[in-house]
Amino acid sequence: MKRCYRILFLQIGLFISLFSYADIKMPAIFCGNMVLQQQSNVAIWGWARPISNVKITCSWDNKIHRVSSDKKGKWKIQVQTPKASFTPYSVIVSDGKAIKLNNVLIGEVWVCSGQSNMEMPMKGYKSQPITNGAEDIMNSANKNIRLFNMKRNAATTPQDDCEGEWTVANPETVAEFSATAYYFGRKLFKFLNIPIGLINASQGGSRIETWMTPDILKDFPNVKIPVVNDVVSRSQTPTVLYNAMIHPIQGYGIKGTIWYQGEANVNNYKEYEQMFAKMIGEWRKLWNIGDFSFYYVQIAPYKYVGTQNSAYIREVQMKSQKISNAGMAVVMDADSPECIHPPKKKDAGERLALWALAKDYNKKIQYKSPSVMNVDIQGQLVILTFDVEDATGLTSFGKDIKGFYVAGQNKRFYPAVASLNGNRIVIVSAMVGQPVSVRYAFEDTSATEIFSVDGNLPISSFRIDDW
Numbered sequence: 004m005k006r007c008y009r010i011l012f013l014q015i016g017l018f019i020s021l022f023s024y025a026d027i028k029m030p031a032i033f034c035g036n037m038v039l040q041q042q043s044n045v046a047i048w049g050w051a052r053p054i055s056n057v058k059i060t061c062s063w064d065n066k067i068h069r070v071s072s073d074k075k076g077k078w079k080i081q082v083q084t085p086k087a088s089f090t091p092y093s094v095i096v097s098d099g100k101a102i103k104l105n106n107v108l109i110g111e112v113w114v115c116s117g118q119s120n121m122e123m124p125m126k127g128y129k130s131q132p133i134t135n136g137a138e139d140i141m142n143s144a145n146k147n148i149r150l151f152n153m154k155r156n157a158a159t160t161p162q163d164d165c166e167g168e169w170t171v172a173n174p175e176t177v178a179e180f181s182a183t184a185y186y187f188g189r190k191l192f193k194f195l196n197i198p199i200g201l202i203n204a205s206q207g208g209s210r211i212e213t214w215m216t217p218d219i220l221k222d223f224p225n226v227k228i229p230v231v232n233d234v235v236s237r238s239q240t241p242t243v244l245y246n247a248m249i250h251p252i253q254g255y256g257i258k259g260t261i262w263y264q265g266e267a268n269v270n271n272y273k274e275y276e277q278m279f280a281k282m283i284g285e286w287r288k289l290w291n292i293g294d295f296s297f298y299y300v301q302i303a304p305y306k307y308v309g310t311q312n313s314a315y316i317r318e319v320q321m322k323s324q325k326i327s328n329a330g331m332a333v334v335m336d337a338d339s340p341e342c343i344h345p346p347k348k349k350d351a352g353e354r355l356a357l358w359a360l361a362k363d364y365n366k367k368i369q370y371k372s373p374s375v376m377n378v379d380i381q382g383q384l385v386i387l388t389f390d391v392e393d394a395t396g397l398t399s400f401g402k403d404i405k406g407f408y409v410a411g412q413n414k415r416f417y418p419a420v421a422s423l424n425g426n427r428i429v430i431v432s433a434m435v436g437q438p439v440s441v442r443y444a445f446e447d448t449s450a451t452e453i454f455s456v457d458g459n460l461p462i463s464s465f466r467i468d469d470w
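The numbering of the sequence shown is the working numbering, which starts it at 4 and goes up by one.
No wet-lab data here; the hints were simulated from the structure. Incorrect hints may have been included.
[What the hints assert, rightly or not] Restricting the straight-line Cα-Cα distance to at most 35 Å, the calculated cross-link-like pairs of lysine-lysine (DSBU-like) are: (1) Lys79 x Lys227; (2) Lys349 x Lys405; (3) Lys74 x Lys146.
Please construct the entire structure, taking both the sequences and the accompanying hints into account.
Written out as structure tokens, the structure reads:
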């Protein structure tokens with residue numbers, strides 16, 4: 004009798020296993036209201052009955068695509084998308100019983116990730132508003148901007164799915180969505196006039212290590228990879244945000260990524276440059292669509308306590324622009340030294356959008372903050388030439404420039420006087436007869452005073468030494 008019960012239980016278990024995906028199931032990233040990347044072979048995947056035939060029909064061409072699920076019921080296929088338009092389409096997926104995804108748009112899709120300054124919603128944090136946020140929320144209704152707000156999660160093993168849904172931009176949905184990402188997408192829509200899809204996968208306080216794979220982190224012996232089910236901290240434990248918030252959407256058709264993170268890594272700036280480059284390279288490898296664009300926000304001036312000078316990590320972020328198809332938005336004018344969450348998220352988002360509009364969509368606009376192109380020391384004078392047109396050059400809007408410091412061989416820095424002349428800045432200090440180095444705004448809270456005339460973009464903090 005016991006043997007019969009055992010056989011019966013085994014048969015029931017097998018039955019449950021075989022039909023655990025009796026109906027088609029799609030990951031959360033595939034649902035009604037979604038945006039698919041235009042003119043691409045986009046991946047669509049899900050689960051069905053094991054070893055079954057799955058049929059996908061897309062209304063933009065009504066072609067029938069067929070694929071077979073594997074022994075675990077998983078299936079994946081690529082379909083060709085048309086040019087972007089405001090026409091709502093549908094996608095029908097069936098293995099005998101069909102599901103239909105309605106109101107699907109074809110346009111441009113961007114992943115938006117990072118820590119709290121990316122996560123910060125349009126409605127703001129407690130006692131920390133977004134500049135003009137209330138007005139922009141009220142005027143945010145746009146059926147052609149779509150938002151996927153991923154629920155925060157962490158895991159020590161790669162997850163196949165996440166929680167979230169695609170929604171249409173309106174005051175209710177935009178209020179809860181990343182302000183930096185929303186302003187980025189709104190700017191793209193204004194210039195391109197095509198549907199925009201934004202995927203927000205961010206977590207406040209998160210270190211860069213949390214967004215990286217175990218394979219890449221093996222290159223950093225000081226980083227401890229967690230064992231299974233050992234999430235000590237969602238924002239601090241390495242790999243756990245990659246596993247839970249990036250892996251589930253990995254391969255979804257995108258144009259590129261925007262990133263706002265670095266505050267949590269102020270103290271390990273020496274490793275950050277290598278980590279950042281490796282993370283970008285790994286995400287691109289795993290998406291397998293080439294070196295997609297990766298634009299990021301340099302952290303803003305802020306009064307850190309008990310940490311390294313944050314100018315060092317800003318310097319590392321500036322150097323990271325050498326990564327192919329990468330670019331940095333400078334927010335040295337954030338004017339928020341007492342709050343780590345600057346309220347000027349419109350500046351951050353729109354400056355990221357300038358990079359995308361210029362580099363990805365061929366718009367002839369000024370998109371890059373000026374940086375030092377040449378250093379010429381003539382006696383007591385230091386002449387810095389910036390990579391902007393001399394005819395328009397730089398401006399301080401008539402204000403005195405107080406952020407420059409000069410040092411000689413003794414490495415002691417003294418305040419300097421600076422004057423602007425086109426794309427050049429002439430610096431001199433009465434205390435330094437033979438200057439060797441110049442630093443500008445190179446401390447936690449110093450804000451920029453200098454902008455490009457064309458584009459009104461601020462310069463970053465910088466130094467010309469490596470002391």
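Tested hints:
Taking the CA atoms of lysine 79 and lysine 227, the gap is about 33 Å. The hint holds against a cut of 35 Å. As the CA atoms of lysine 349 and lysine 405 are separated by approximately 27 Å, the hinted pair is consistent with the 35 Å bound. Restraint check: the Cα-Cα separation between lysine 74 and lysine 146 comes to about 40 Å, which exceeds 35 Å; the hinted pair is violated.
Hint 3 alone, counting from the list given before, is not met by this structure.
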